[in-house]
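Enquirer: Below are the chains, spelled out letter by letter.
Protein chains: 4
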Amino acid sequence: MSKIRTPLILVNFKTYSEATGRKAVELAKTAEKISLETEACIALAPQFVDIASIASTVSVPVFAQHIDPITPGSFTGHILPESIRETGAVGTLINHSERRLKLADIDATITRARESDLLSVVCANNATVSAAAAALKPNMIAVEPPELIGTGIPVSKAKPEVVSGTVDLVKRMNPDVVILCGAGITRGEDVAAALRLGTEGVLVASGVVKAKDPYKVLLEFAESITKP
Amino acid sequence: MSKIRTPLILVNFKTYSEATGRKAVELAKTAEKISLETEACIALAPQFVDIASIASTVSVPVFAQHIDPITPGSFTGHILPESIRETGAVGTLINHSERRLKLADIDATITRARESDLLSVVCANNATVSAAAAALKPNMIAVEPPELIGTGIPVSKAKPEVVSGTVDLVKRMNPDVVILCGAGITRGEDVAAALRLGTEGVLVASGVVKAKDPYKVLLEFAESITKP
Amino acid sequence: MSKIRTPLILVNFKTYSEATGRKAVELAKTAEKISLETEACIALAPQFVDIASIASTVSVPVFAQHIDPITPGSFTGHILPESIRETGAVGTLINHSERRLKLADIDATITRARESDLLSVVCANNATVSAAAAALKPNMIAVEPPELIGTGIPVSKAKPEVVSGTVDLVKRMNPDVVILCGAGITRGEDVAAALRLGTEGVLVASGVVKAKDPYKVLLEFAESITKP
Amino acid sequence: MSKIRTPLILVNFKTYSEATGRKAVELAKTAEKISLETEACIALAPQFVDIASIASTVSVPVFAQHIDPITPGSFTGHILPESIRETGAVGTLINHSERRLKLADIDATITRARESDLLSVVCANNATVSAAAAALKPNMIAVEPPELIGTGIPVSKAKPEVVSGTVDLVKRMNPDVVILCGAGITRGEDVAAALRLGTEGVLVASGVVKAKDPYKVLLEFAESITKP
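Residue numbers (our numbering), protein chains in the order written: chain P, -4 to 223; chain D, -4 to 223; chain G, -4 to 223; chain L, -4 to 223.
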């Protein structure tokens, strides 16, 4: 977990054209620049095919967007945790709202992540589900009300009770879990609000990737956690 | 479709540890060597994360093991056809028995492959399903009885009627579709038998990847199609 | 197939509250009344739990909304074809747009329906997918553009080319398949238009179930096929 | 929850031919007879289509094998909680190993069960997953190691630590949850062992349904909890 510090800004590249292939590497360089300038910990979750080129180009930590709960074998079209690790990623999202998993598979996936030396960030849609996820002992939980994702309406302002409720429930069950929040975050003050609610970072996507000027937005995010 | 010629040997790397990361690149070099020596067309379907390194290292055509029927956007953890193309692949498996898709999604995925300049190879479990797949106008169909996959019992010998029945049904519906067969193929004579049954190639996996000497097996396959 | 005649009006009860439990039986009685009055063939597809009470109360043919491609055994929460038949249904929808299946499972489900003496009605979203479904030899195909379902914009008027294109493609492949169309049908003239395009019936849902006066709408449908 | 008392014997009929249609009603009568004779609480989970006939024939409580997290509407082929309740069931299994659900859907399904006045019994494959399920506040949790289901090797003897570990973890999180265990239970002493490990009942299936003499086996189970 050496490269990861909190507060953490984790940028999910999804399958946006602005963050695919060469553009993904460019965005990764922008994130690295800001990370070096501000000393904020910025991590990136690009598409599977772009992990290798990003991890070999920049120094910021790279996450997968998903792994499957499999061991090496006959699993055509699936994501082997060991292959993600070998490619240079240090962690993985699990159960993102766009890639929900069965409960038993989340448990097995967290185990496979640990065995493959990958940090696990389990996404959850509310405080109750976050508490359930915490029982499975991942490294981090990212609470994201799906109805706010991509809206520009920040969870930390529109639904602060979801965030603080998650912090309460999760910390009571498992004080070691790092809690992030996400959905609708587009400004530095949204990030600051998230930290004030007890989280240790944010999971962001379109707010950065689809911004007119990603450098400016990500710099604002970084400064909001380093110059609070 | 420039780089692809028939008869075709398409090697699925699945998520075998023998074909992950650096080992995947090594196996790709072996395939390239044989391809250059024999002039057989050998294509490779590695894991997503290994496509870039293989496509930039060897001259043999590379396929993805799966793509999702999506356009750029909010699809965390999914496989964007355009990103596969940009990474250097020329085609993709669709609906492998270990990654079955819904019918409407196979239709949409073939369309997305075409739009992204990727060859589509739809896998099917029997002659009837192959005929259904042919109605969707993919570039190729690979018929594989799931119960023979990984057994070493070659479909071309154990179930020749499945192969010839597929050729009959598919060619009647759509004479332009290239037909491959797979499952249990481990020897050159299995490949030759497949061609005699009317196919234009084979889809292989463990027979090559998990062989004691992949070079020897793949050379035997290549010679069986170039020195019939 | 004794009780089923074409032209056919097949009413999908979905999980509408207006067609659940006692209300489902009431709606079935309404359909039976119209069927007896007009001699139109009206079939009903209620929820699983309501099949028994409807099939034992009315004389109109009953369909399931879905079955699973399973044989008796350990399949908790699944739909066994034999149990549907024993309950009094004569057929089943397969692959409705709200319950899409994998291609290989549609093939297996059609086989299981046949073995269980159930008529198979495979739903498809466009002409190409209908052609693929026809290769699997179901009894009927119902083409429904998903974007029109529940809109009140009738497929037979908004997308006549989808309906006639389906008729063309499917009949060329398999002239024995009965073709229905659905989506947005709310008036008798929509039904008549569907028949003029070459179909032998319609698959309807909200247009009847959620109508202010289901009797009136269904009577209009029935008369449009019996007094053309 | 009036009709349900602990210790509870919950018999899952799965899709066994021995527990389908008329045979399901016969088996329900057998269970009712034993329940009346021994005063043991025996509940039954038949297939959806058989709920109505069983609930209207016998006095023992009936469960569904699954419900979907939906409200009334356009969900062809799905299981509406309200329809299950109206049919006479008092509860439902959720997330059985043969019908696993996504984590967010388990949360939503428990809520829908509560809103529909149905008891929720969430199945889990190990102690950790049971703890996660407990965070979602169902009425009961049934822990069943999938590898023992249908084997005749009783979980209460082969893996007592899974059962006692589940009791420990779950009770610490949520002392109100009733804990059942299942898998491989075929004799009265297996049931007694389950209770000694801290559970309040068992979830059984083939051990009863596929027994040569279900009456004898179920009587043995019932006496093991009423004459301990």
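Among the hints, a few may not be true.
[As the list claims (entries may be wrong)] Taking lysine-lysine pairs in the BS3-like style, the calculated list, with each CA pair at most 25 Å apart, reads:
1. P:K166 - L:K(-2)
2. D:K154 - D:K24
3. L:K28 - L:K(-2)
4. L:K132 - P:K132
5. L:K28 - P:K132
6. G:K132 - D:K166
7. G:K24 - G:K(-2)
8. L:K97 - P:K97
9. G:K152 - G:K166
10. G:K166 - D:K97
11. L:K18 - L:K28
12. L:K132 - P:K154
13. G:K97 - G:K152
14. D:K166 - D:K28
15. G:K154 - G:K18
16. G:K97 - P:K97
17. L:K152 - L:K28
18. G:K97 - D:K132
19. L:K152 - L:K166
20. G:K18 - D:K97
21. P:K97 - D:K97
22. P:K166 - P:K132
23. G:K18 - D:K132
Source of the hints: derived by calculation from the structure; they are not laboratory data.
Enquirer: If a hint holds in the structure, say so; if it doesn't, say that too.
Expert: Hints versus structure:
no. : hint             : verdict
1   : P:K166 - L:K(-2) : violated, 38 Å
2   : D:K154 - D:K24   : violated, 33 Å
3   : L:K28 - L:K(-2)  : holds, 16 Å
4   : L:K132 - P:K132  : holds, 19 Å
5   : L:K28 - P:K132   : violated, 46 Å
6   : G:K132 - D:K166  : holds, 18 Å
7   : G:K24 - G:K(-2)  : holds, 17 Å
8   : L:K97 - P:K97    : holds, 4 Å
9   : G:K152 - G:K166  : holds, 21 Å
10  : G:K166 - D:K97   : holds, 23 Å
11  : L:K18 - L:K28    : holds, 15 Å
12  : L:K132 - P:K154  : holds, 22 Å
13  : G:K97 - G:K152   : violated, 30 Å
14  : D:K166 - D:K28   : violated, 33 Å
15  : G:K154 - G:K18   : violated, 33 Å
16  : G:K97 - P:K97    : holds, 19 Å
17  : L:K152 - L:K28   : violated, 29 Å
18  : G:K97 - D:K132   : holds, 18 Å
19  : L:K152 - L:K166  : holds, 21 Å
20  : G:K18 - D:K97    : violated, 33 Å
21  : P:K97 - D:K97    : holds, 19 Å
22  : P:K166 - P:K132  : holds, 12 Å
23  : G:K18 - D:K132   : violated, 45 Å
When held up to the earlier numbered hints, the structure conflicts with 1, 2, 5, 13, 14, 15, 17, 20 and 23 and fits the remainder.
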